[in-house]
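As you go down the protein sequences, you meet chains A and B in turn. In terms of my numbering, the first sequence opens at residue 1 and continues consecutively. In terms of my numbering, the second sequence opens at residue 117 and continues consecutively.
Since the hints were derived computationally from the structure, they do not count as laboratory data. Note that the coordinates shown come from a computational prediction; the quantities given were computed from them, not determined experimentally. Accuracy of the hints is not assured; some may be wrong.
Unchecked claim - Quick list of in silico lysine-lysine cross-link-like pairs, DSBU-like style, CA-CA up to 35 Å:
| id | chain 1 | residue 1 | chain 2 | residue 2 |
| --- | --- | --- | --- | --- |
| 1 | B | Lys178 | A | Lys54 |
| 2 | A | Lys71 | B | Lys187 |
| 3 | B | Lys187 | B | Lys167 |
| 4 | B | Lys167 | B | Lys143 |
| 5 | B | Lys178 | A | Lys37 |
| 6 | A | Lys54 | A | Lys71 |
| 7 | B | Lys187 | A | Lys56 |
| 8 | B | Lys178 | A | Lys5 |
| 9 | A | Lys37 | B | Lys187 |
| 10 | A | Lys68 | B | Lys160 |
| 11 | B | Lys160 | B | Lys178 |
| 12 | B | Lys143 | A | Lys37 |
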Amino acid sequence: DQQVKQNSPSLSVQEGRISILNCDYTNSMFDYFLWYKKYPAEGPTFLISISSIKDKNEDGRFTVFLNKSAKHLSLHIVPSQPGDSAVYFCAASLGDYTGTASKLTFGTGTRLQVTL
Amino acid sequence: NAGVMQNPRHLVRRRGQEARLRCSPMKGHSHVYWYRQLPEEGLKFMVYLQKENIIDESGMPKERFSAEFPKEGPSILRIQQVVRGDSAAYFCASSPPSRKSEAFFGQGTRLTVV
């Protein structure tokens, strides 16, 4: 049962244009969402997160949008740069009574290729 | 990312041997998570530990796998009697004891069972 889905395994975007990576989830109890970037043979690197009480969070070239009614979030990268080429994972966590970061449920990833 | 230290980076074991994977969390982090990534898949949660306590092991296989995070020293993920299906990348992450902060990942240990 894949609770977090990234339906596009790959995406190719020209340098300078906008990259839009999509993520859908099925569990309405998820209340915190994160995007991670991963290069080959390295661990995931945190990019940006959003709480379920918000619908947008922006950090430099990266913006995450959350549509709770559609159970959908997206990551926008603008402008895209060649160094952004990597695999991007969407992740979600449940409300946690301990008040701490809880386990993450990851999507299967989208491989972004930014071309010159 | 570099703050979470995992070793070894690569580990080769023959079927039936034991594999021990180590993780030292970032300074000040008391929460450790282990994830496994099979080829062409996303990361799957295995276990969540705090110092000397297993908080959530719902993702751990019922047999052969165990994890600990002692008062002193790194967290250890132990796989006994490894099989070829255990071949994967194992990632450790740590987070501070604060509300909903992101977890920081190590570079992973790539286990190959031959």
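Right, here's what the structure says about each hint:
Between the alpha carbons of Lys178/B and Lys54/A the distance comes to roughly 38 Å, so the proposed pair goes past 35 Å and is violated. Taking the CA atoms of Lys71/A and Lys187/B, the gap is about 40 Å. The hint is violated against a cut of 35 Å. At roughly 6 Å between alpha-carbon atoms, Lys187/B and Lys167/B fall within 35 Å of each other, so this suggested pair holds. Among the hinted pairs, Lys167/B with Lys143/B is consistent with the structure: their alpha-carbon atoms are about 13 Å apart, no more than 35 Å.
Distance hint between Lys178/B and Lys37/A is fulfilled; the C-alpha atoms sit about 31 Å from each other, no more than 35 Å. In summary, the hint linking Lys54/A to Lys71/A is supported, as the alpha carbons are separated by about 13 Å, within the 35 Å threshold. The suggested pairing of Lys187/B with Lys56/A is violated, with an alpha-carbon distance near 40 Å, which exceeds 35 Å. Restraint check: the Cα-Cα separation between Lys178/B and Lys5/A comes to about 26 Å, which is no more than 35 Å; the hinted pair holds.
The straight-line distance between the Cα atoms of Lys37/A and Lys187/B is roughly 32 Å, inside the 35 Å bound, and the hint therefore holds. Among the hinted pairs, Lys68/A with Lys160/B is consistent with the structure: their alpha-carbon atoms are about 24 Å apart, no more than 35 Å. Restraint check for Lys160/B and Lys178/B: satisfied, since their Cα atoms lie roughly 15 Å apart, inside the 35 Å limit. Annotation: proposed proximity of Lys143/B to Lys37/A holds, straight-line Cα distance about 22 Å (limit 35 Å).
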